[in-house]
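Asks: Each chain, letter by letter, is given below.
2 protein chains.
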Amino acid sequence: MKIRVLKHELNESIQHVAKAISSRTTIPILTGIKLEVNFQGMTLTASDTDISIQAFIPAEDNEKKIVQVERPGSVVLPAKFFVEIIKKLPSQEVEMEVKEGFQTMIRSGSTDIQMVGMDPEEFPVLPNIEENQVISIPGDLLKNMVKQTVFSISSNETSPILTGVLWNLSDDQFKFVATDRHRLACRTAKLDDADGVRFSNIVISGKTLNELSKIIPEQNTRVDIVVADNQVLFKIDRVLFYTRILDGTYPDTSKIIPTNYKTELVLDTKKLSDSIDRAYLLSREEKTNIVRLQTLEDGTIEISSSSSELGKVTEQLEVSQFTGDALRISFNSKYMLDVLKVVESEQLRICFTGAMSPIIIKPMDDSQSLYLILPYRTTN
Amino acid sequence: MKIRVLKHELNESIQHVAKAISSRTTIPILTGIKLEVNFQGMTLTASDTDISIQAFIPAEDNEKKIVQVERPGSVVLPAKFFVEIIKKLPSQEVEMEVKEGFQTMIRSGSTDIQMVGMDPEEFPVLPNIEENQVISIPGDLLKNMVKQTVFSISSNETSPILTGVLWNLSDDQFKFVATDRHRLACRTAKLDDADGVRFSNIVISGKTLNELSKIIPEQNTRVDIVVADNQVLFKIDRVLFYTRILDGTYPDTSKIIPTNYKTELVLDTKKLSDSIDRAYLLSREEKTNIVRLQTLEDGTIEISSSSSELGKVTEQLEVSQFTGDALRISFNSKYMLDVLKVVESEQLRICFTGAMSPIIIKPMDDSQSLYLILPYRTTN
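Chains as they are written, first to last, in the numbering used here: chain A, 6 to 385; chain B, 6 to 385.
These aren't lab readings, by the way, just hints derived from the structure by calculation.
It is possible that part of the hints are untrue.
Examples of chain A residues lying across from chain B (beta carbon under 7 Å, computed) [said to hold, decoys possible]:
id	residue
1	119
2	128
3	283
4	319
5	361
All residues carry an ideal CB built from backbone N, CA and C; glycine is no exception.
Working from the sequences, and respecting the hints, build out all of it.
Replies: Dropping the structure here:
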């Protein structure tokens, strides 16, 4: 392999695939990034067995020469050093040549690097995915759906299925659900291009979805999603992102969402968030995060928390709309803040079925999201 | 104590004094900030016994009412919670009232806080400092002198005196020295207002100087420095910053700086820094940070590092001026990068007295700084 490549484009692709490098891997070849060059361009691949990312740099783009290929070939280079050194090379052009024993020469300006390469034959082959079930979704919508659910996954590795986000697609309705048994987030979106594709019980690691989100550019990009037997492939521009589907059956969460409410409040999202944030500051010191919400006789509500050592915070809050019974309920304020952080609507509706029943939060201008928080059972 | 105070001004003063709060203190009263109110204004004090910071908020400034005092008094409030909650209060005005048993009520908008206060009588009294030895220095100069020396202090607590920066003042020459026995930084400045003040062997903790730097504003402020027996007091606008002088005698470093050189190089600071940074990336993986500098026959120099596992980086670098003998020397590239980061001059001079003798770095347009790095003794 012998090429000249533009540093900026090489660096961008390296940054993408590097997200699949795990610092904890025990398999030496997976500490590397695989480079494959043919006359069409250069392909970079990295994998931690759970996810694999592949980026393609075309030889030419819009009549701009990006990779000049003198001799095709391939090599695996140590990721950590490769990622950092390429970024810092002095010239806009980088020369690479693989010699005997995968010894790789990298030249840029007056910098000369000899890198110990590894045998590309040892690198795992990416799964061959049948493209039967393909949907297309705007990148920013996908990022949003991830952001609005992934915070509710479980961080407890003893129930691995709950560390993922559940995906269901039927009747063009694409639905994400995440829960850690104490709270739940659910977000649905209608797809234009689902073409009758349907699937259920597809569970994808929340950590993986966060990494995926980082790769999706801010601008208008479409992401193609290919769902196969035990793998999902995301196609984002010139990047392919493979992830395995988590094993197991996701619990049925439909029954825990109440359908009748005894108390409903409509509130300003920002004001509620600020109030709970102040109460949280105190409750955090008690390590419990418990905050109490109580309806008052004058139609307002009171948010409060207390700590025997530090004192008490009491917030009085106006309510835009109040229907139903008086109420006094305690909950984990951190969970509530996590929800309020991702609600984009100016107003929201909170629904209660009593002090021991789940709290439901719904953004006012968006019927596609629903959040649930279980209350604390307190005696006072 | 009963007052109304503007949130912005209160918050700013809290942020200043909070820098003296140590999260590791075992003395309960020192987890608090002391508030003292009289009709002139409000004084906030925090201390971790090593440093104490006091900030004054005047009742009125430029005809703007800042503190409205209804009843003078004082209290100590739990710092961590107080610092965070004040910042997040909903209204621009904050009402505070200390009740029986130092119970403190804080009101802002529709937020009500009850804080468990502590007895201000328990708070340590700040040292009474005689203002015999006072110098005045521009804030940005002081910040610069700290930045250009403090990185060379020792992080090893077994020789506490070396965790400080040595200050000497004589003939209006104010001199900072820091060393960890492997490297040394020295910075001198001529003071206009020293008024014949002189002192020597004043050693101030590097950590303290970093905290001090954060309090000095970017704009043109003068800092008054009062040097007393075992304390130094910095006066910055309305903030008083007390620190104790480290016990012990600072080692005499004058003899380790060579005065005759066998090889001298003049180099571009940025180019040298970039080259060493690339070589460092590799040497870091070997945990040694060893980089080699070698003069070449064509009058250039070569910077290189190698790792048995990863490979080799070789950099060739132009030299603006080269006098003396050929040379091959190894050093800790991290130490060199630390120096190059604080050198503001475009060009610098590096002086050598052989492969086993200290390396001296001097910025070209600044005779007031000198950096020293001991070389590695390597066999190759």
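Asks: Decide, hint by hint, whether the structure agrees.
Replies: Do the hints match the structure? See the list:
no. : hint : in the structure
1   : 119  : holds, 4 Å
2   : 128  : violated, 18 Å
3   : 283  : holds, 5 Å
4   : 319  : holds, 4 Å
5   : 361  : violated, 28 Å
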